[in-house]
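A.B. asks: Going down the list, the sequences are from chains A and B. Note that full-length UniProt numbering has the first sequence beginning at 1, numbered continuously upward. Note that full-length UniProt numbering has the second sequence beginning at 1, numbered continuously upward.
I should point out that these hints are in silico values taken from the structure, not numbers from a laboratory. No experiment lies behind these values; they were computed from the predicted model shown. Treat the hints loosely; a few may be bogus.
[As the list claims (entries may be wrong)] If you want a taste of the chain B side facing chain A, the calculated C-beta under 10 Å gives, among others:
1. Phe22
2. Leu69
3. Asp94
4. Val114
[As the list claims (entries may be wrong)] Label-pair ranges, simulated between beta-carbon atoms:
5. Gly56(B) - Leu176(A): 30 to 40 Å
6. Thr54(B) - Thr211(A): 26 to 36 Å
7. Asp123(B) - Leu159(A): 38 to 48 Å
8. Arg36(A) - Val198(B): 34 to 44 Å
9. Val53(A) - Arg183(B): 47 to 57 Å
Yeah, the Cβ is synthetic: ideal placement off N, Cα and C, and Gly gets one too.
In case you want the letters, here they are:
There are 2 protein chains.
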Amino acid sequence: MCAAERDDGMTAARIAALLGAFRPGDRALGASELARRTGVPKSSVHRLTGHLVTQGLLERDGTAVRLGLRLFEIGQLAGRERGLVDAARPYLADLREATRNTVHLAVLEGTEVVYLDIVRGPDAPALPSRIGGRFPAHATAVGKAILAHSPASVLETVLAAGLTRVGPRTITAPGLLRRQLTRIRDEGVAYEREESGVGVTCAASPVLDATGRARAAISISGWSNRVRVERVSPAVRTAALALSRALP
Amino acid sequence: MCAAERDDGMTAARIAALLGAFRPGDRALGASELARRTGVPKSSVHRLTGHLVTQGLLERDGTAVRLGLRLFEIGQLAGRERGLVDAARPYLADLREATRNTVHLAVLEGTEVVYLDIVRGPDAPALPSRIGGRFPAHATAVGKAILAHSPASVLETVLAAGLTRVGPRTITAPGLLRRQLTRIRDEGVAYEREESGVGVTCAASPVLDATGRARAAISISGWSNRVRVERVSPAVRTAALALSRALP
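Extracted from the complex, chain A is given alone in its bound form:
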């Protein structure tokens, strides 16, 4: 082993795999589990995690390691939309205050939405969404709101990947999705009724840049049998419009 030249690229790939091996709910992982999840040989796991601990990207937790606070700090600077998250926070807080439901801020990445911020409301269901989490765009109100205000190529990418069913009423027919997106473009609000999961209803509105293209979307989510989305959708739309104006 000593004779072989280590490839920077392989080391970078292994480090990325180790950092990416942690899942929500994991507290700390041992070398065996990391080796199993990443395919990196256990001896290399030991060596690399040692280096990453030295660099502060991982922290020791007994004989295991966990993601370090330094990664949280770096992560806060990451993502092209940091300014968006900071600017959106008061609008999300106000929307939660006004509706008592959970509010989401999301961006589109490929065929999925990524949640950049979530503020849970006292009247809302305990949704499994989490900040930094992903979900198929076509099955969410935020996803549809963004798709309706994106170039055609963006929608084609989503359709080409196939519209998987993730909830009782997920839209899986391309034609149906296209028609709904046209309506969303006219109204400025997207709805989701049990398309991402059972019993949940959402209303979302896009955050637009100066060219009218969606850079993100905000939504409120509530129990289908409790929230009247048509009644709260003006609040979502107002917040999205205000946030769009407030952004550079």
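Chain A is fixed; fit chain B onto it per the hints.
C.D. replies: Same frame as chain A, but now just chain B:
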């Protein structure tokens, strides 16, 4: 240590330096700037950033690179207190709603507090604090709230590092800090009056674990000439007590 292990360590150190080179406000950095900030030779910067782009940890932005959304996602899973942040969110939102001031959630790391969450209030000053940011613990209400409920060794570490002045009224005398911490332990609330900066006043209360040790603190921050901290401190204390009970 053989050549391969030494190379791994250097590559890991360089990767950590590159990821850590980004500062708040940076959008994207070019190879020259990254080389300047990290001391990594420019050719190595090119090669390593290429690998990190392949791994999704960095993203290309023209000829420059920025921290990737993947790092934001990983960062969200990082830090020993992820459960705390998620559990605290509704309490912070409620406190903001009740006081209309900015609320902070922070933990102690060595001699500094790290802000894990911030929700800005409509009546509050535009504070420079940001999520993932750090600040000297002795000069903040959250820091003093945590120090007052931490083992003596924790305070000694802070005192040994020296109490730097960061605001007009920062406490720089160890005896004065000790006396204030004793009072904070009795009352359950810490105040900060222009100690972290001009014109700002805060009230904070610790989030305690089952042994009575502070694992974090929450605070509200407002303009010194507008907020009567004594009036809002019961709200902070109530929120902190409720959150302490809600945590496992």
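A.B. asks: Min Cβ distance, Asp94(B) to chain A: is it shorter than 10 Å?
C.D. replies: Holds, because the Cβ-Cβ distance from Asp94(B) to chain A comes to roughly 8 Å (cut-off 10 Å).
A.B. asks: Let's test the interface hint: is any C-beta of chain A closer than 10 Å to that of Val114(B)?
C.D. replies: OK, holds: Val114(B) within 10 Å of chain A, min 6 Å.
A.B. asks: Between Gly56(B) and Leu176(A), is the Cβ distance one that fits in 30 to 40 Å?
C.D. replies: holds (32 Å)
A.B. asks: Using the Cβ atoms, figure out if Thr54(B) sits within 26 to 36 Å of Thr211(A).
C.D. replies: Distance hint for Thr54(B), Thr211(A) holds at roughly 31 Å.
A.B. asks: Do the Cβ positions of Asp123(B) and Leu159(A) conform to the proposed distance bound of 38 to 48 Å?
C.D. replies: holds (47 Å)
A.B. asks: Lying within 47 to 57 Å: is that true of the beta-carbon distance Val53(A) to Arg183(B)?
C.D. replies: For Val53(A) and Arg183(B) the Cβ distance comes to about 39 Å; the hint is violated.
A.B. asks: Under 10 Å is the threshold here; is the Cβ of Phe22(B) close enough to any Cβ of chain A for the hint to stand?
C.D. replies: Interface hint status for Phe22(B): holds (5 Å vs cutoff 10 Å).
A.B. asks: With 10 Å as the cut and Cβ atoms as the points, is Leu69(B) at the interface with chain A?
C.D. replies: holds (5 Å)
A.B. asks: Holds or violated: 34 to 44 Å for the Cβ distance of Arg36(A) and Val198(B)?
C.D. replies: violated (54 Å)
Comparing the model with each earlier hint shows violations of hints 8 and 9; every other hint is respected.
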